[in-house]
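Participant: For reference, the chains in residue letters:
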Amino acid sequence: MGRFWSLLFLLVPVLGVLVFVVAAAPDSRPLLDHWLPDNINDHGYIIDELFNFILYLTGVIFIITGVLLFYFLWRYDGERNPDPVKFTHGSQTLEIIWSVLPAITLLFIAIYQMDAWAAHKMRRPLLEDGNVKPALALVSARQFEWRISYAGEDQLVGTPDDVHVVNDLCVPVNEDIVLQVQSQDVLHSFFLPNLRIKQDLVPGMKQFSWFRPNRVGIYDLVCAELCGWGHYKMRGRLIVKSREDFDTWLSERAAEQRVTHPALDGGGGE
Amino acid sequence: MMKMSTDPRQTEPRRRWCLLLPLVAVMLCSGCWTGSTEFQFNWVYVAYQERAVGGEDSSDAFSEAQIRNVAEILAATFGTPDKPQLPGGLEEIDVRELLDLYKLNRAAGPVGRDPISQDVRGLYRQHCAHCHGVTGDGMGPTATFLNPYPRDYRRGMFKFKLTRSTQKPNKHDLHRILKQGIPGTAMPSFSLLPQDERDALVEYVIYLSVRGEVERELINLLAAGEQGQLLLDPANKSAASSAAVKEVIQNVLFSWTDIQQIAVDSKMPDWWDELAGSQPDFGSATAGPVLDAGRALFAGKAGCITCHGGTALGDAQVSNYDKWTEELVDAKQPTLERKLLPYNESYQQFGALPPRPIRPRNLRQGVYRGGRRPLDLYHRISQGINGTPMPNQEQTLTPEEIWTLVFYVQSLPYEHASRPATARNLQRRRPN
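Residue numbers (this note's numbering), protein chains in the order written: chain S, 107 to 376; chain C, 193 to 624.
A couple of the hints might just be wrong.
Unchecked claim - Here are the simulated DSSO-like pairs of lysine-lysine, each with C-alpha atoms no more than 27 Å apart in a straight line:
#, chain 1, residue 1, chain 2, residue 2
1, C, K351, C, K493
2, C, K351, S, K339
3, C, K459, C, K275
4, C, K459, C, K493
5, C, K295, S, K339
6, S, K304, S, K239
7, S, K312, S, K239
8, S, K339, C, K363
9, C, K515, C, K351
10, S, K227, S, K304
11, C, K438, C, K459
12, C, K515, C, K363
13, C, K371, S, K347
14, S, K339, C, K371
15, C, K363, C, K295
Claimed, not checked - Residues from chain C that face chain S, not an exhaustive set, calculated with beta carbons under 10 Å:
#, residue
16, C221
17, T336
18, F337
19, K371
20, Q372
21, P375
22, F382
23, S383
24, W464
25, F474
26, G475
27, A477
28, G558
29, L567
30, W595
Source of the hints: derived by calculation from the structure; they are not laboratory data.
Positions of the beta carbon are idealized from the N, C-alpha and C atoms, including for glycine.
Produce the complete structure using the sequences and hints provided.
Facilitator: This is the structure:
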């Protein structure tokens, strides 16, 4: 067998890079839609830049180590190197280099990501008067659905004018959206892939998530934390509408909620 | 290669491969076998009727031939989980008015696609069977972890509907539950399934319910008949050959086709539009008297307080059983241990889930299982909740009184349970 094994190891960096290149290429048939989905969040580029930076950094290291591994397997194949192994006490210079270099790289990543963290966790959108923007809605995750309560006119969640919908998260376009997210039962994760938003939901924790969608359309809202047997079907829809359409939609939902007569019972069943 | 096989070091890895490869093959195939998909016979109800007919120690009041006879009638009338069929040969009712065989076939069978039309098939097993069971008995593999348990369709009783109290729901009602889910229970919303798939599931739920109810009625026939008597001549198992069996099937089908929507008085109370028309306003001065009237009804005439409790936390009557479990227990016994005796003795061995008492709803949580619209709340109060101790109050309360209660119940999540009514009134009178 001999050098056959070293060729097999060479396949690891080759195939690894190939998968990424094919996935990232536009119209890549076997792996279509396997790269990041369209970013429709004004703040999403921060996450994408961080992702790409770490991907390229680790990609380069992955290729170098993969090729080096192949080279050593090939060069020092047992059948072609009958001489006994020589042990040395190593090289202090080399050891310092391979300790310090990764330490510096990790430190750099730790500092570089701080902006992304702050953008998603600390810089909550403000109102004109300088107060934090109130939540448009409370998104409450439950095995296995998303219950959403819109704040209504008083801009407070948990009051009689709330509008309750299930699985349809509708938001106006080109506005800063703040959502209060929470779990009703177990660990869930609020994941909007097109907005680069992913927030773990811990039962009992009150958290906020914000974004600024810039394209009208229907996108995925999924649970990204294994939350039970029905996790795979815990799906909702993110519907981005213009401000007028959103207002109409919300008042329609509010009207459905006030139905008092069967003759008006149009929405529930259809 | 020859050189390798003579090397003694090489034979050991090869033996290892011989063991490893079959193991990997087994692992890859695991999950491919889906287990038996047959309708389960209602042994729990057989055991119940046997106890009723023969007393404590007659576990064989029905002969094996009789049970097999019932199972054969069901199979001949309703088909199998893979190939459902509609009862035929009925003179008085055309079953196709109620059920659509094409839709049933979309919901039935194993999960997959129709080879020709590419329609999604096996919807029931994909979305419902793990809780509600292949038979619709509410005893699917995940049922035991849930509280409340999934619905057993075989009783033909459904809770949340806009029809008269003990009547069947209409398809619209079942559709609404599929779309909205049931908050506060494990039933999720299926609002993102396409409309035609939800349609197919509604048909299939009705089909399972009809089948299960016919099964129960046939067991009732066994219990009413002479010992050892077969319902049908073994030579001719078509349901049409026995008038009694045919009548049972027709009666169950009639109960599904003969449904009336209740006539809600479309005249709302004068105050409704002002207080609850656009958005409920529980804090205004005009709401005060209505809420006081609602509180008085809640504690007095309507009697809500006896189960839901004075604070409406649902803590007053917590030892009742609903219709689905009352056959499994002896509710009249004083202690829990003795109440559960029938279950432990007879029904546990047939897979029945451990009975739990039904809890009245905590009305301060703002979670409404059957829907939060005033229309839904009106029906819950007016028609009761079928299969539960929540009574039908249509005769005892006037529509205005029910609307008052609806408004009061809607206000409960926003009222402080600990704040006495007098303090609330004082606060209301204080300007600004």
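Participant: With reference to the structure, classify each hint as holding or not holding.
Facilitator: These are the hints, each one checked on the structure:
At roughly 24 Å between alpha-carbon atoms, C:K351 and C:K493 fall within 27 Å of each other, so this suggested pair holds. Annotation: proposed proximity of C:K351 to S:K339 holds, straight-line Cα distance about 25 Å (limit 27 Å). For the suggested pair C:K459 and C:K275, the alpha carbons sit about 48 Å apart, so the restraint of at most 27 Å is broken. Between the alpha carbons of C:K459 and C:K493 the distance comes to roughly 22 Å, so the proposed pair stays at or under 27 Å and holds.
For the suggested pair C:K295 and S:K339, the alpha carbons sit about 22 Å apart, so the restraint of at most 27 Å is met. For the hint pairing S:K304 with S:K239, the CA-to-CA distance comes to about 20 Å; that is within 27 Å, so the pair holds. In summary, the hint linking S:K312 to S:K239 is supported, as the alpha carbons are separated by about 16 Å, within the 27 Å threshold. For the hint linking S:K339 to C:K363, the alpha-carbon distance of about 24 Å falls within 27 Å, and the restraint holds.
Between C:K515 and C:K351, the direct Cα distance comes to roughly 11 Å. Compliance with the 27 Å bound is thereby established for this hinted pair. A hinted pair counts as satisfied when its Cα atoms are at most 27 Å apart, and S:K227 with S:K304 qualifies at roughly 11 Å. Straight-line distance between C-alpha atoms of C:K438 and C:K459 comes to about 44 Å, which puts the hinted pair past the 27 Å bound. Straight-line distance between C-alpha atoms of C:K515 and C:K363 comes to about 22 Å, which keeps the hinted pair within the 27 Å bound.
As the CA atoms of C:K371 and S:K347 are separated by approximately 22 Å, the hinted pair is consistent with the 27 Å bound. Straight-line distance between C-alpha atoms of S:K339 and C:K371 comes to about 14 Å, which keeps the hinted pair within the 27 Å bound. Between C:K363 and C:K295 the CA atoms are separated by roughly 13 Å; this keeps the pair inside 27 Å, and the hint holds. Against a cut-off of 10 Å between C-beta atoms, the interface hint on C:C221 is violated, since the closest Cβ of chain S lies about 21 Å away.
With 10 Å as the threshold, the beta carbon of C:T336 stays out of range of chain S, its nearest partner Cβ sitting at about 12 Å, so the hint is violated. The interface hint given for C:F337 holds, since its Cβ lies 9 Å from the closest Cβ of chain S, which is under the 10 Å cut-off. With its C-beta approaching chain S no nearer than about 7 Å, C:K371 sits inside the 10 Å limit, and its interface hint holds. With a cut of 10 Å, the hint placing C:Q372 at the interface with chain S holds, because the nearest CB-to-CB distance is about 6 Å.
Hint status for C:P375: holds, given a least beta-carbon distance of 7 Å to chain S, under 10 Å. The criterion of a C-beta within 10 Å of any C-beta in chain S is met by C:F382, whose closest approach is roughly 9 Å, and the hint holds. Nearest Cβ of chain S to the Cβ of C:S383: about 5 Å, under the 10 Å cut. The hint holds. Hint status for C:W464: holds, given a least beta-carbon distance of 7 Å to chain S, under 10 Å.
At its closest, the beta carbon of C:F474 sits 6 Å from a beta carbon of chain S; the interface hint therefore holds under the 10 Å criterion. Given hint, C:G475 at the interface with chain S, holds; its Cβ is 9 Å from that chain's nearest Cβ, closer than 10 Å. A distance limit of 10 Å between C-beta atoms decides the matter here; for C:A477 the minimum to chain S is near 16 Å, and the interface restraint is violated. A hinted interface residue such as C:G558 counts as satisfied when its beta carbon comes closer than 10 Å to some beta carbon of chain S; here the least separation is about 8 Å, so the hint holds.
Interface hint status for C:L567: upheld, as the beta-carbon distance to the closest one in chain S is roughly 5 Å, under 10 Å. At its closest, the beta carbon of C:W595 sits 8 Å from a beta carbon of chain S; the interface hint therefore holds under the 10 Å criterion.
The structure does not agree with the numbered hints 3, 11, 16, 17, 27 stated previously, though it agrees with the rest.
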